[in-house]
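So the protein lines, in turn, are chains U and R. In terms of the working numbering, the first sequence is numbered consecutively and its last residue is 80. In terms of the working numbering, the second sequence is numbered consecutively and its last residue is 158.
Heads up, some of the hints might be wrong.
[Stated by the list, open to error] In the DSS-like style, the derived pairs of lysine-lysine whose C-alpha atoms are separated by at most 30 Å in a straight line are:
id: 1; chain 1: R; residue 1: K38; chain 2: R; residue 2: K52
id: 2; chain 1: U; residue 1: K69; chain 2: R; residue 2: K135
id: 3; chain 1: R; residue 1: K38; chain 2: R; residue 2: K135
id: 4; chain 1: R; residue 1: K38; chain 2: U; residue 2: K69
[Unchecked claim] Take a look, some chain U residues computed to stay more than 10 Å from chain R by CB distance:
id: 5; residue: K34
id: 6; residue: D35
id: 7; residue: P36
id: 8; residue: A37
id: 9; residue: A40
id: 10; residue: G75
id: 11; residue: A77
id: 12; residue: R78
id: 13; residue: P79
id: 14; residue: Q80
Simulated from the structure, these hints should not be mistaken for lab results. Backbone N, C-alpha and C fix where the C-beta goes; we use that ideal spot for every residue, glycine too.
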Amino acid sequence: MGSESRQLANQERTIPLRYRVFVASIQQPGDTPKDPAAAAEAVRVQRLRDDARRPMSINLAEGIALSHKLMQFVGTARPQ
Amino acid sequence: MTEAAFDQLLRRLSEADVEFVLIGGLAVNAWGVVRGTKDVDIVVATDIENLKRVAAVAAAVNGHVQSGESFLSSQPSPASQLAGGEQVAIETDLGRLGVVQGLDGVPAFEELRARATVTEVLGVRVAVCSVEDLKAMKQAAGRTRDLADLENLDAAGS
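Isolated chain U, as found in the complex:
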């Protein structure tokens, strides 16, 4: 290490921190749900919004596929 580098290293040690780094949530404090039900509702709504942004054809195809699947389960819990 040359003398300039040593000098710089010494300076770095003595220079006080100018910035404080911290991690902040991207959610605003008011938006942070406290209880699990509110958290689940926030997730549900976000998913609805995400789905609504998809092309109509995708949502329709998915709805049809889901309906077909669900119909396979109708009545399956009933005792034979």
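Knowing the structure of chain U, use the given hints to seat chain R on it.
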């Protein structure tokens, strides 16, 4: 009914040149609230030729009219029910087809079609009612499921 195939039902309607607008549960799906539904609900153009095409599609997939909770012993034909301007639930091999006519809160076909969005689903071009019409129909129907759909559509920002 064998196994539901709503996409095939829509394809048959489309290939038969039936003029219709998709409403109900599938329209709710199209507008972003993905959920299961038991039938394909449509509003059709009420001219006699179009009703004949609907009846022909229904007949081709073994359609029979469901009346109330049970099937009647002498079942009315889909064609006669459709011609009578009634709401008809047609049980077919490809799933239940609900032809909605003359219901309070359901706009006429021409109005729905003018505001509809045409989309393609699994290779079939389908007119889906506008989200405003869908919400108005849900509001008018007012059942628990309809109100839940309404809330979800609003939450989705649709």
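Hint check:
| no. | hint | verdict |
| --- | --- | --- |
| 1 | K38/R x K52/R | holds (24 Å) |
| 2 | K69/U x K135/R | holds (26 Å) |
| 3 | K38/R x K135/R | holds (19 Å) |
| 4 | K38/R x K69/U | holds (11 Å) |
| 5 | K34 | holds (20 Å) |
| 6 | D35 | holds (19 Å) |
| 7 | P36 | holds (19 Å) |
| 8 | A37 | holds (15 Å) |
| 9 | A40 | holds (13 Å) |
| 10 | G75 | holds (12 Å) |
| 11 | A77 | holds (16 Å) |
| 12 | R78 | holds (17 Å) |
| 13 | P79 | holds (22 Å) |
| 14 | Q80 | holds (20 Å) |
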